[in-house]
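*Asks:* Sequence:
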Amino acid sequence: MQNFSSASLQAASDDLALEQLAQFLRRHPDVLLLTGAGISTASGIPDYRDTQGVRRGNAPVQGPDFRRQEAVRRRYWARSMVGWPTLARATPNPGHLAIAQLAQRQRIGGLVTQNVDGLHQQAGSTAVTELHGSIHGVVCLDCHTRHTRRLIQDQLERDNPQLLGATATPAPDGDALLEPSQLATFHVPVCPRCGGTLQPDVVFFGDGVPAACAAEAESKMHTASALLVVGSSVMVYSSFRLCRMAAEAGKPVAAINLGKTRADHLLAFKTEAPAQDILPALAAMLG
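Quick note on numbering: the sequence shown equals residues 35 to 321 in the numbering used here.
Derived from the structure by calculation, the hints contain no laboratory data.
Hints should not be assumed to be uniformly reliable.
Per label pair, the in silico range of CB-to-CB distance [claimed, not checked]: (1) Q138 to R227: 22 to 28 Å; (2) A249 to A122: 26 to 32 Å; (3) C177 to A56: 48 to 54 Å; (4) G293 to A93: 19 to 25 Å.
Don't be surprised by glycine CBs; every beta carbon is placed ideally from N, CA and C.
Starting from the given sequences, assemble the full structure and let the hints guide the process.
*Replies:* Okay, structure coming up:
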């Protein structure tokens, strides 16, 4: 009887998964990609959920609470002041670069992302639909002026020197785990134009995706003949609805994700592999 090592069996399994993905893209060169936090973890940005789809850590800020409560805004901006520089320094990993290459070679169609880090654009992807906005922008809730996050970071650092050089455990989307005692003397940033209330240009938990953005994502799904989920558990409805739309239209849905997804019952197949490893191999195979 021939014996196979676990390493050789894994290699064979990886080869089969890669070929399955390649065949999927050959059949559907207009496939819509839907990406999530799992594609950015290799760039040093933590994700929200474990392999079972369960949220890690403390509950995230809720949008209505942010807008109503000064204390919530104080906590958010203090943590963001410390955490955002890590996200701002992040660079695209091989997974982001492979997606841009596949698009340039017309091996994939549209791109929708749940991520707010901007790494797809840095990697060279164009026409990216950002379902949840961009952490690199800030909007005034009073005069509606948009500012760069870099400008607001400068204001934060000028007004809160006590937090300069502070270290904290990074959290998703530019957050950081700060002790409550460090918030007592913190100055919340205000709009440089009107002195109004600032909010990051992202979709908080508890808020809905803007109608125009949702319509853009839906249009891309209508145009595509298939959907490929990359690095997302699709636990939030804004992403799961695209999976459901595809399935209801008879379009195949596949996933590259380490662990459970909300759409497992809709998937034609799932490849459990790190996106930063399998996507470059896929781009190389397709040429």
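*Asks:* All hints, please: hold or fail.
*Replies:* Here is how each hint holds up against the structure:
Take Q138 and R227: their Cβ atoms lie about 39 Å apart, and the range 22 to 28 Å is violated. Restraint check, A249 to A122: a C-beta distance of roughly 30 Å satisfies the suggested window 26 to 32 Å. One distance hint, 48 to 54 Å for the beta-carbon pair C177 and A56, holds here, with the actual separation near 51 Å. For the hinted restraint 19 to 25 Å between G293 and A93, the CB-CB distance of approximately 21 Å keeps it satisfied.
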